[in-house]
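Colleague: For reference, the chains in residue letters:
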Amino acid sequence: MMTASLRQGDGFAGRADAVYETLIRAHQTLSDEESAALNARLVLILANEVGDPAVLEQAIALARRSLRPADPDHARP
Amino acid sequence: MSHGLSQNPRFSSAPMHEPTGGSRRRPVVVIGAGPVGLTCAIDLATRGVPVVVLDDDDTVATGSRAICWAKRTLEIWDRLGIGQRMVDKGVTWSVGRVFHGEQELYRFDLLPETGHRRPAFINLQQYYVEEYLIARAADFPELIELRWKHEVTDLTRTAEGVRLAVATPDGATTLDAEWVLAADGARSPTRTRMGLPFPGQRFEERFLIADVRMKADFPTERLFWFEPTFHAGQSALLHRQPDDVFRIDFQLGPEADPELERQPERVMPRVRAIVGEDTPVSLEWCSVYSFRCARLERFVHGRVVFVGDSAHVVSPFGARGGNGGIQDADNLCWKLALVLRGEAPESLIATYDEERGHAADENILNSSRTTNFMTPKTRAERHLRDGVLDLAAEAPFARSLLNAGRLSRPCSLAGLSLQTPDPVPQAAGPRPGDVCVDAPVVDAAGRAGWLLDSLGGSFTLLVFAGAGAPDPSRLSGLPPGLRCVVVAGRPLALPGAEVLPGAEVLPGTEMLLDAEGVAGLRYGAGSCAAYLIRPDAHVAARFAEIDGQRVTEALARACGRSVTSAQEAA
Numbered sequence: 001m002m003t004a005s006l007r008q009g010d011g012f013a014g015r016a017d018a019v020y021e022t023l024i025r026a027h028q029t030l031s032d033e034e035s036a037a038l039n040a041r042l043v044l045i046l047a048n049e050v051g052d053p054a055v056l057e058q059a060i061a062l063a064r065r066s067l068r069p070a071d072p073d074h075a076r077p
Numbered sequence: 001m002s003h004g005l006s007q008n009p010r011f012s013s014a015p016m017h018e019p020t021g022g023s024r025r026r027p028v029v030v031i032g033a034g035p036v037g038l039t040c041a042i043d044l045a046t047r048g049v050p051v052v053v054l055d056d057d058d059t060v061a062t063g064s065r066a067i068c069w070a071k072r073t074l075e076i077w078d079r080l081g082i083g084q085r086m087v088d089k090g091v092t093w094s095v096g097r098v099f100h101g102e103q104e105l106y107r108f109d110l111l112p113e114t115g116h117r118r119p120a121f122i123n124l125q126q127y128y129v130e131e132y133l134i135a136r137a138a139d140f141p142e143l144i145e146l147r148w149k150h151e152v153t154d155l156t157r158t159a160e161g162v163r164l165a166v167a168t169p170d171g172a173t174t175l176d177a178e179w180v181l182a183a184d185g186a187r188s189p190t191r192t193r194m195g196l197p198f199p200g201q202r203f204e205e206r207f208l209i210a211d212v213r214m215k216a217d218f219p220t221e222r223l224f225w226f227e228p229t230f231h232a233g234q235s236a237l238l239h240r241q242p243d244d245v246f247r248i249d250f251q252l253g254p255e256a257d258p259e260l261e262r263q264p265e266r267v268m269p270r271v272r273a274i275v276g277e278d279t280p281v282s283l284e285w286c287s288v289y290s291f292r293c294a295r296l297e298r299f300v301h302g303r304v305v306f307v308g309d310s311a312h313v314v315s316p317f318g319a320r321g322g323n324g325g326i327q328d329a330d331n332l333c334w335k336l337a338l339v340l341r342g343e344a345p346e347s348l349i350a351t352y353d354e355e356r357g358h359a360a361d362e363n364i365l366n367s368s369r370t371t372n373f374m375t376p377k378t379r380a381e382r383h384l385r386d387g388v389l390d391l392a393a394e395a396p397f398a399r400s401l402l403n404a405g406r407l408s409r410p411c412s413l414a415g416l417s418l419q420t421p422d423p424v425p426q427a428a429g430p431r432p433g434d435v436c437v438d439a440p441v442v443d444a445a446g447r448a449g450w451l452l453d454s455l456g457g458s459f460t461l462l463v464f465a466g467a468g469a470p471d472p473s474r475l476s477g478l479p480p481g482l483r484c485v486v487v488a489g490r491p492l493a494l495p496g497a498e499v500l501p502g503a504e505v506l507p508g509t510e511m512l513l514d515a516e517g518v519a520g521l522r523y524g525a526g527s528c529a530a531y532l533i534r535p536d537a538h539v540a541a542r543f544a545e546i547d548g549q550r551v552t553e554a555l556a557r558a559c560g561r562s563v564t565s566a567q568e569a570a
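For the record, the sequence lines run as chains A and B.
Quick note on numbering: my numbering labels position 49 of the first sequence as 49, and the sequence is numbered without any gaps.
Quick note on numbering: my numbering labels position 214 of the second sequence as 214, and the sequence is numbered without any gaps.
Bound-form chain A, shown alone (with noise of 0.2 angstroms):
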């Protein structure tokens, strides 16, 4: 069976900015502690858009890498 490999050319289709726009304006008024909330809602709704847990873990594993290491809070993989 052929695995699904995550998206990580541009998906967009030149509306990249109003993405952006969409999701900052998402979190408008927000204190931290209900952006986080707000963002782990987002994430369980767009895990479920995803579907498949292999495209999910390589989304994660992307996300991971990114992390900055100077941010104490994150261990790396």
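Cβ-to-Cβ under 7 angstroms is the rule here; a few derived chain B residues that face chain A:
#1 H383
#2 L384
#3 G387
#4 F397
Keep in mind the hints are simulated off the structure, nothing from the lab.
No experiment lies behind these values; they were computed from the predicted model shown.
All residues carry an ideal CB built from backbone N, CA and C; glycine is no exception.
Based on these hints, arrange chain B on the given structure of chain A.
Modeller: Using the frame of chain A, we list chain B on its own:
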């Protein structure tokens, strides 16, 4: 504390008598007369194997302990002749409801279709289960010796088997056994005595179990609350048991003081908060517990075999402990009987470790995932968990993420050594390794019954004959002595003795009528001509066409007679 309406029964046993005849060695000694040890003893006795059961106590379980018994367990107990008594006393349920606060998030039905003899679950206190198993064991006075107040004090593995030192009310004695089954529970003294590590994960969270007696109109369903309004903790669970007893399980958090929390003056306000002030309530039993998920690396150590909680423990959410243990017994006993009779090599016992080790891993995985969902350990985990709860009311996908316990289902043994690879993977029906599903059938005398009553016990070839009478030539060339059950799609005459003219196709062939067509559908009879069913009612192999040679090979493989060569071929 008392149980139910009466005091715990006390049992006594006469001094152990020396076995008569040649060998003084007992074929099988079971340590521990809990549900799993007793099920082992009865299963072995049904196969003619004499068993001594040693227990260091003289009564049944204190407190309700394990209460949820799954369909698969009931089917195993049916095979052992004690299922009906359990069901008659037990509280039958198949629906669970999950709440967040006061809001119902979703409802699930564990057995949404008809045409099964047994329900998804019954609730029955462990002390009743043990009492009924003890009564059933008494039906085999020539084969089962139950020895109360017999405590194993030492265990030595010898070339021929195992020697046990036993402290009895009449003094110390020794007992030689070919095989010892350690069914002595989560804190297994046998495991400790043999110095076996029990690696796993310990969970800090503490839970309170309260069994209360009351006349209350809670539905006969599994009710689970996240963040209940009546309890400050994270979750609560309610089950109805027989005798108007309810099990309420309160999540207390990791900081709770077990000694303090089990005091009735602490417990009763929690109970009152859920049942109200007006309902008369009495506290039957309570316990504060934490738990771990752990297993032995191997369940078979020479001639000592671990079954049930001595081999593996899980969290209680999912009812996978007791039900997993009963499936251990079901898996082991036919193999042990074949080995003792010299009909299978001793290596067959290694497949108990392979198959039930796989099941234990599955149970531990499910149970750990539930626990992780119920006890978020970081802020990030907490946000994800709360996100699932808050989304679940609106979005169906979040309901599948919601984990209030993944309830025990029979483990599939697909792909393991004893099973023959599936020649018809696209076909409906249980695949090699799956447990057989039930269906309504009519027997040759015209009586309505259940397919599972005709399967299990011994190896059986389940043949689907289609619409007409089966052609006897199709059943030639089968292994001698293999039991055949033929399911015919349509009667050729109704009613009366001539219902199934195919009844004489082969001596010893049992004929069943698939009167409602359900069996054929559930077994993909259009694509599958026959199934080879193991004595534990798991499918060993299935066949698009009946071929004596293939059936013979699959049977040899399922008996462990050609495991190695079959693995190489596969």
